[in-house]
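Participant: The primary structure of each chain is shown beneath.
4 protein chains.
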Amino acid sequence: MYRIDLNSDLGESFGRYTLGLDDQIIPLVSSANVACGQHAGDPMVMRDTVRMAADAGIAIGAHPGYPDLQGFGRRDMHLSPDEAYSYMLYQIGALQAFCAAAGIPLRHVKPHGQLYNHAAIDPELAAALAQAVRDVDDRLVLVGLANSALVDEGRKIGLVTAEEFFTDRNYTDEGKLVSRNDPAALIRNEEEAIERVKNAIRDGAILSVNGKLIDLHADTICVHGDSPTALAFVRRTREALEEDGIAIKPVGAR
Amino acid sequence: MYRIDLNSDLGESFGRYTLGLDDQIIPLVSSANVACGQHAGDPMVMRDTVRMAADAGIAIGAHPGYPDLQGFGRRDMHLSPDEAYSYMLYQIGALQAFCAAAGIPLRHVKPHGQLYNHAAIDPELAAALAQAVRDVDDRLVLVGLANSALVDEGRKIGLVTAEEFFTDRNYTDEGKLVSRNDPAALIRNEEEAIERVKNAIRDGAILSVNGKLIDLHADTICVHGDSPTALAFVRRTREALEEDGIAIKPVGAR
Amino acid sequence: MYRIDLNSDLGESFGRYTLGLDDQIIPLVSSANVACGQHAGDPMVMRDTVRMAADAGIAIGAHPGYPDLQGFGRRDMHLSPDEAYSYMLYQIGALQAFCAAAGIPLRHVKPHGQLYNHAAIDPELAAALAQAVRDVDDRLVLVGLANSALVDEGRKIGLVTAEEFFTDRNYTDEGKLVSRNDPAALIRNEEEAIERVKNAIRDGAILSVNGKLIDLHADTICVHGDSPTALAFVRRTREALEEDGIAIKPVGAR
Amino acid sequence: MYRIDLNSDLGESFGRYTLGLDDQIIPLVSSANVACGQHAGDPMVMRDTVRMAADAGIAIGAHPGYPDLQGFGRRDMHLSPDEAYSYMLYQIGALQAFCAAAGIPLRHVKPHGQLYNHAAIDPELAAALAQAVRDVDDRLVLVGLANSALVDEGRKIGLVTAEEFFTDRNYTDEGKLVSRNDPAALIRNEEEAIERVKNAIRDGAILSVNGKLIDLHADTICVHGDSPTALAFVRRTREALEEDGIAIKPVGAR
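Protein chains in written order, with the working numbering: chain A, 1 to 254; chain B, 255 to 508; chain C, 509 to 762; chain D, 763 to 1016.
Everything labelled a hint here was simulated from the structure, so no lab data went into it. Mixed in with the good hints, there may be bad ones.
Unchecked claim - Label-pair distances were calculated between CB atoms; the ranges are:
#: 1; chain 1: A; residue 1: Arg139; chain 2: B; residue 2: Gly412; range: 25 to 33 Å
#: 2; chain 1: A; residue 1: Asp152; chain 2: B; residue 2: Pro359; range: 52 to 60 Å
#: 3; chain 1: B; residue 1: Thr272; chain 2: C; residue 2: Gly611; range: 41 to 49 Å
#: 4; chain 1: C; residue 1: Asp711; chain 2: B; residue 2: Ser334; range: 38 to 46 Å
#: 5; chain 1: C; residue 1: Ile629; chain 2: B; residue 2: Leu461; range: 38 to 46 Å
#: 6; chain 1: D; residue 1: Gly966; chain 2: A; residue 2: Arg169; range: 50 to 58 Å
#: 7; chain 1: D; residue 1: Gly819; chain 2: B; residue 2: Pro359; range: 52 to 60 Å
#: 8; chain 1: A; residue 1: Gly158; chain 2: D; residue 2: Asp785; range: 50 to 58 Å
#: 9; chain 1: A; residue 1: Asp152; chain 2: D; residue 2: Pro990; range: 46 to 54 Å
#: 10; chain 1: B; residue 1: Ser334; chain 2: D; residue 2: Asp900; range: 42 to 50 Å
What the hints assert, rightly or not - If you want the footprint, here are the derived chain B segments under chain A, 3+ residues with CB under 8 Å:
#: 11; stretch: 350-364
#: 12; stretch: 442-451
Backbone N, C-alpha and C fix where the C-beta goes; we use that ideal spot for every residue, glycine too.
Make a model of the complete structure from these sequences and hints.
Facilitator: Okay, structure coming up:
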C-alpha cells in the first residue's frame, strides 16, 4: 500500500507573538516539526506545541534553525561545520526534553529555512548536521530535500532518511528545485500539484520543468497552516490522497 | 566511609568571551555544573566543556539559569512557575544532547544564580523546578542549598537530592545563610572554613553564627576556579579532606 | 480651549512577527510611542514605523522597556537605577537616529510595561529614568502615569511632563489605579469611560471608585489599535472629544 | 605638519564578560571606536566607555556590527542593504545618546568585523552604510579600509572619510590587503611595520608585496589593547611617530 507523510512546521510563535494556526493544522498532518527557540519558538511555546501534537497522536520532530530570531532563520549566515553541529545538538536536545516530559519519543529532525537550503547543497555542512542527529539518537529520522546532500550524508552514516517533496514547485531535469527567480518555479494550479504528488508517491518519478520524466522520491510533503486558504488546500490534498488509497502516516511508522 | 562531592560551575564562557579556568579546575573536582546557554554558555562552549569533563571522568550536571545573558542570571526576574518549568526543560534537554553525543549520562541539575536563590525560599517555584527535573529523567539528582525549599520539593516528588554547603558562609540558628548584607556573612579564615566542611561532613552539624550547634547536611560543596588563588584554595581543601579520609565522589555515585 | 493627546504604542512587530494594526491606528492618534528593540520592535520595524508616523504628521516618542523580548517587557526584572538609566539612553538614542533620518524631532519618552509600572511607584527608579531623558535632550516630554513617581521625578529636574489617563480603569481615593486583582478595576461601559475622559480633561478631576471627587490630570490617553473593535472604540472616543470641542494635539505642541 | 589618528576598538565587554584593557589603551590613542551592543558591548559598558574616553579627551566614534553577539560580528551574515542601513541607524543612535549624556559629540563611525570587510568590497552594502551615517548626521566622519568601496561610497554622497591603514599587513599591487590565507599576508617585523606607517603618512605610498610603489593613504591606524604585548607595541609606534614629528590627532580635528 502506498503511503506518505504530511508534515508541517509548528511552534513558531514567540512570547507575545503568535504565528500559525497550529491547533487547526495538527488534525490534518501526520508529523509536526517543532521550532527549537533559535530562529522561532520559545520554551513555553515548545511545551504547548509538543503537548498538542502528543494529544493528537502525530509524530514530533525537531526543526532546528540558524540562531537568528530577527531573521527567522531565513537570512544567510555562515556557520562552520563545528558550529552547525553544536547548534543542532543544542536545539534537538532542548526539544527532546519536552518530548520526554510529554511521555513520547522524538521521531525526526528537519532543519529549517536557510539551514535546510544550505544543507541541501553543501556536503560538509550536511555531514555535520547528519552527525549531530546520529550523535543524539541514531534512531531519529533525518528529513531533507529530495535528492539533496543532506539526505546523502545521512544515508552514508546509516541514518534513516526521508525525502521531502514540494507540491507547488517545479524541478529541473537533474531533480533539483527550479530557482524561485525563474518564472517557472511555482506550480499554481492546485489540481496539477495534487496529481504530481500522487505520481511522486506511486511512481517515484515526475515530469521535470522540461517535460522529462525524472526520478523523485516523496516520503513526506510539507504543508502549511498559516491561513484559512492554506488549511483548505491541505484538506483537499489529504482527501485526494486518501481517496486514492494512499495512507497518511509518519515517516518511519509501521 | 565519609564522602563529599566537590562541584564547580563551568562552561560559562560565551562566544569570544572567556570566563573561568575550566581546564585547571576540572582535575580538582568530582562534578561539573555546565551552563546551558541562557545566562551563560553557548552550544560550542557546552560541547567543549562536556567533552573535557567526560575525558576527566567527572560527573556532569546541568546548570540552568534565568534567560538573561546580559545579567548573567544574577538579576531578579519574575517567572511564573510554568515559565520556570519550561526554561528548565529547555536547558536540561539542551545539555543532555551534548552528554549523549559524548556517550555519558547527565547526572544532576543545579539551578544557577538568582534562580537558585529564589528556589531556595519559594516553594512554588521550587516545586516547578523539581517537577521539570523529574519530567526529563527521574534518576537525575537535584542539587540545592542545604535546608532549602528546593531540596524539600525535590524529596516530596521522590527525587534524589543533594544539599550544597558553602564553606565560606556563616549560617543562622535556623540553618539559613546569613545575609551578605550582614558583616558576619563571610568566613574569611581558610583553615576555619575547611574545619567547618569537615564538621558538616562528619557530624551533619556546624556551629551557627551565634555559636549554637545546628543540623547542616553537606552532600556537595561548590568551589571556584576563576583565579589562581581560588584554584589554590580548592587544592588545599581537597588535600585536607583526603588526609582526613574523606572520599571525593560525585553525588549519587557508588 | 481644552485639549488632549491620544497616544498609542506602535512598532511592536519583530522580524517575521506582526503585531498591531499600526497603519490603521496612526490616522486616529496624535502621538506614537515607538518600541525600541529591547522588549519589542527591531531596526527595520523602527524605520518603517517612524516613517509612517512622520508621513502622518503625528508626534513621535520613544517607548523603551525592559530588555526582555521573550516576556515583552511585561515580566518583573530588577534593574539597578544605573542599569535602568543606561538601558533608557540606549533605547532613546536608537530611536532618535530614525527620527533624524526621517527629518523630524523626537518629542517624548514613555516607558513600557513593567518599567512604566515600577517607575510609577519607585522614586529611585523614576529618578534614573527621568535623568536619562534629560541627559539625552532636556526638551523631551516625559510621559508617565498620572500622580506617579515618574511624573514627580521628571518635574523635580525640570522636564516637561505629561500625565497619562486610563479611560477604562477605576482610581482609588488617592488617585492611584485600582489593582487589576480587584473586580472594580475596569470600567466596562464605553460611554461611561468617554464621559470620564471628558471630566478629567475639563475639570482635572474624576470620581474615585468610592464616589469621591479626586484630582486627576489627563494630558494624554493611551489607545489601542490591536483589533477592529479597539479601533472602533478609538474612533468613537475621538469623535466624542472633538464634538465637545476638545482638540486632539500632541503633548507640548502649540 | 604630518599627522595621523590612532584608533582602537573599545567597549567590547558584555555583562559579566570583560574584554580588552580599555583603561590602558585610551591614554595611547586619539580615537575610540565604541561597540554598540549588537556584536559586543551593552548599555552599561557603553556608558562607562564613553565616559572614560570623554575624560581622556579622545574622539569617540560608533563601531556598529552585525547583530550576532555569539559570533562577535565576525561570522558572515547576509543583510539586505535596507537591513544594514537600519542596523546602522540603530547602533549609531544608541551610542550618540551616551555621547549626548557625556556632553561630547559623536565624531566618526567605523563598521566592525565582517560588516567592515563586506563593506570594503560590496558597493551596494557600502552605499547603504554611508547613507545611514549621513542620515544620522552629515558631519560624521566615515572610517573605512583604505581603497575600499566604503570610502568611495562615502565620498560620493559628500561625507568626510578616513582611510584606515593596517600596519601589520601586506598590500597587493592594486592596494588591497593580501589575503590572510597567503603566507605573505602579515608583516611580522615591528620596525618594518613602523617604517611602513611613516611612509604611508608622509608619502601616501608604500611598497606592495611585489615591491611595487603603490598609492596608499593612511588617515588612521587601528591599534589593539588586548594584551600587555599589544600595548607595548602601541607605545613604541606612538613614540616613533612623535619622534618623527608626526602629530597624533583624531580624524577631522583641527
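Participant: Please go over all the hints and tell whether each is borne out by the structure.
Facilitator: Here's how the hints hold up against the structure:
1. A:Arg139 - B:Gly412: 25 to 33 Å: holds, 29 Å
2. A:Asp152 - B:Pro359: 52 to 60 Å: Hint violated: Cβ distance 32 Å, outside 52 to 60 Å.
3. B:Thr272 - C:Gly611: 41 to 49 Å: Holds, since threonine 272 (chain B) and glycine 611 (chain C) (Cβ atoms, about 45 Å apart) stay within the stated range.
4. C:Asp711 - B:Ser334: 38 to 46 Å: holds, 41 Å
5. C:Ile629 - B:Leu461: 38 to 46 Å: Holds - the Cβ-Cβ distance for isoleucine 629 (chain C) and leucine 461 (chain B), about 42 Å, lies within 38 to 46 Å.
6. D:Gly966 - A:Arg169: 50 to 58 Å: holds, 55 Å
7. D:Gly819 - B:Pro359: 52 to 60 Å: holds, 58 Å
8. A:Gly158 - D:Asp785: 50 to 58 Å: The hint (50 to 58 Å, Cβ to Cβ) holds, given that glycine 158 (chain A) and aspartate 785 (chain D) are roughly 56 Å apart.
9. A:Asp152 - D:Pro990: 46 to 54 Å: This hint holds: roughly 51 Å between Cβ atoms.
10. B:Ser334 - D:Asp900: 42 to 50 Å: Holds, since serine 334 (chain B) and aspartate 900 (chain D) (Cβ atoms, about 49 Å apart) stay within the stated range.
11. 350-364: holds (count 5)
12. 442-451: Coverage by chain A is violated for the stretch 442-451 of chain B (0 residues, Cβ < 8 Å).
Against the hints set out earlier in the document, violations occur for numbers 2, 12.
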